[in-house]
Structure formats: C-alpha cells, structure tokens
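J.: Listed below are the residues making up each chain.
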Amino acid sequence: MALAAMALLSVAGPALAHHSYAMFDRDKELKLTGTIKEFAWTNPHSSIAIDVPNGQGGNDTWGVECNSPNNLARMGWKSDSLKPGDKVSITIHPLRSGEHGGSFMFVTFPDGHTLGEVPGGQKKS
Amino acid sequence: MTTSRIKLALGAGLAAICLAGASAPKLALAQVEDVTPPKGPPPAAAPAPASTKAAKPAEPNTLDPRGPQAAEVQLSALAPANLHKPRPRAPFDLTGTWFVDLSHGFSSWMFGPPYPKFLPAAQHEVDAAAAASKQGRAYKDDIGQCYPAGMPVIMTRVWPIAMIQLPTAVYMIPGFENELRIIYTDGRPHTPADVVVPSYNGESIGHWEGKELVVDTRYFETSHHTIDAGIPISKDFRMVERISLAPDGKKLHIHYAMWDPQNWEGEWDSDKAWNRVDDQDITEVECTPDLDKRLPSTQSTLNIR
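Quick mapping for you: the protein sequence lines, in order, are chains E and D.
Residue numbers are given in this note's numbering: position 97 of the first sequence equals residue 97, and the series is strictly consecutive.
To convert, take the position in the second sequence, counting from 1, and add 1000; that gives this note's numbering.
Listed below are the simulated DSS-like cross-link pairs for lysine-lysine, each with C-alpha atoms no more than 25 angstroms apart in a straight line: (1) D:K1250 x D:K1211; (2) E:K28 x D:K1293; (3) E:K28 x D:K1134; (4) D:K1211 x D:K1272; (5) D:K1272 x D:K1235; (6) E:K31 x D:K1293; (7) D:K1272 x D:K1250; (8) E:K37 x D:K1293; (9) E:K31 x E:K87; (10) E:K78 x E:K31; (11) E:K83 x D:K1293; (12) D:K1117 x D:K1235; (13) D:K1293 x E:K87; (14) D:K1251 x D:K1272; (15) D:K1117 x D:K1134; (16) E:K78 x D:K1293; (17) E:K87 x E:K37.
No wet-lab data here; the hints were simulated from the structure.
Since this is a predicted model, take the numbers as computed values, not measurements.
Only chain E is shown next, with the shape it has when bound in the complex (with noise of 0.2 angstroms):
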C-alpha cells in the first residue's frame, strides 16, 4: 500500500492539491534563482516565499505552491529543509498570467543537490 501511495505521490502537482491547479501552465518551467524568504511547513499545503531579482535593481517576491508536509516529509524533506536568507534556484509551473507565481518542482541548492516533489527528488546532470 505505501508502494501504491508513492506511485500516486509520483504524480504530483495537481494529483495532491486540494483545489484547481488549472492557472497553473505545466507545459512551461521557470527557474528562479533567489534568496529565501519563508518556508511554510504547514497543511493542507506548504508553501515557498523567494526573492528574485528582477534585473531592474530590486526584487520580486514569487510565491510558490508546494505539497503537504506529510508527503513532502516522504520525499526526504524537514521542516528547515530551506530557511529565511538561504540561496537557491527553485523550477517551476508558473501562473499563466504572469503574476509572480507557480506550483513547485524542485529546489536546487548550491552544491547541486535537489529536492523535489517526486521520489528521490530529481537530480540534474
């Protein structure tokens, strides 16, 4: 049964959301490289808050959509997996109208590893 659960989990994104994931566009990725600026460990989903520089001298809070702790926790992630001021580049599904927002892939951390939302994470050559 936890092998059946894991498979399903390996859907992700809209698989666990309690709600439409439909302005989300899972046909494009965007990659954000930033500082950290909240991580919510919290039900029904947790959620990412980072700091992009926007290339015009300030920068852009992207909110960021992640899936339960309790799954996430399954996945290898903690409650300080990521920390206020931690420096990261985080993919996403961004929101189809541009607004600063997306559903979480996975985080790559400065030494290259990554977490994700799938099993093992996801690691990038």
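Position chain D against the provided structure of chain E, taking the given hints into account.
T.: Only chain D this time, still in chain E's reference frame:
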C-alpha cells in the same frame, strides 16, 4: 442688513420651519426600553392548575442523567446504553484509514461523466466552468478559498480518510480539512426539516441491507457547495450510498445515487472505490485565510469567483 430686515428673515425662516413640520411625517417613537429586572430573589412560581385527567406517571429513565423528563431524548451515539443495546452483528467493519482509488486516472475523483441532464441554471454553471478551464482559469473554486468541500467531493479529495465504525455510527474524518462526517446506524430517524441545521456533509442515516450499508443523506448547506466543476446543489439535493467491503477487507466500494430536482433530471449514479492504507494516519489540516494568502493559485486573478 438692517435690524428690520434681519427680523423679517428670521421670521420667514421660522415660518418655513413650522410649515415644514406641519407637513413632514411624524417620526416613530424610539422602541428601546430598559427592561432589566430588579435585583433580588426570583418570585415564587405560581402553582400549576389542577388537571381533570389522571396524570400518567413518567417512566423512570435510568439511562439519562437528566431523569424522567428526558424519556424521549435520542441517546448519543456514544452513550453506553446506546452502544451496548442488543443489535445484529454488522456484516463488516470498515474501521481503518482509506485512500481514494485513482488508479483509473486523477480525474476519477470527479463524480461524472456520465452526467445527468442538467436544468438550464445548472447547465450554465457547468458551461462556465468548462469555458474557464479551457482558458486555464478556475471557476468558483470555493474549496481553494477555504470553504468546506462537502459531500460528495469530500470523499474523493486526495487525502486519507479515517473511518471508525461503532454499533451506533460510523465516524469519517477526512484528512482534508478534517470535515467530520457521521453516519448514524442506531435506528434514529432524520431530524425534522424545520429544525435541522443544514451542513456541508449533510445528515446521514444508515441501515444494513444484506452485506451493504445503505446511507440516506440530506439537508445540505448550499452556499459555495458544488460537485465536480461548478455543479451547484440545492436544498433538495439528496443522495443514497450503498457501501460494501471487499471480502479481503482491503477495498471499499460506494455506489452513489444522487437527486436534485432543482438542478438535474432524474438520478445521477456514480461508483467510487477506496484502498485501505494501514501505514497512514490523518493529521490536523486547517485551511486558514493567512495560509491561503501564501498560495499563488488561490490568490491569482485567474480565479473566477
């Protein structure tokens, strides 16, 4: 201005005021009255009038701490006397943690297709939801705004559900927002319609038929309560579930029959299944406004509310 002209102006003004008062409607007197009772011991109760009929003595109720006057009160599903009342053994026990079976695809959380023939107002909502989806927008995604999912969609949220079966009731606590659902199986009738409080999960009364638990649910709260994508429900929405357990105890099946004469014609049928997940427990899950503010999906302008 000369003194005489000032007096003339004042006089004209006063006259105008008097004339206005004579023709204006009278204001209602204030209806706020202080009725605070005086402090002191309460007055002695008046003696009851003599009855010409022989009073039937109340049967002593040893089951309820409130005594004989509570003889007609429905016992709680958790009252020991109710729990231990002799009853036939239930055909199965679905106590456990369950997870909806989505092995046929994620969209199988929905209760259609097939869909019934919708009446015009409901069809309008369905069409609007479909159009929004094509645009990559969410139509009336009230669950995302922290409204309860309600029956039936609370049963197919992608979260585990804890089910606890007692002789008198089945308690279902979904992991998603912990929307408690109680199916009473102690023989009580539905609450009279003029006193029941509508709820998102409705009032469920169940009884055993052979190897099935048949559950009749009615009295739904309709505010921000939809099925699938935008399908509204009315106060006349009613459903009957036939719940059965696979022989190995690992799969739960529920056949749904749903009616809503204000929104669709006839009976809408749907079949769902759940798998037992012995390695999961539900947790507390609350949807709060400050949580929602962190989520780009619920805050996006792509929501049509």
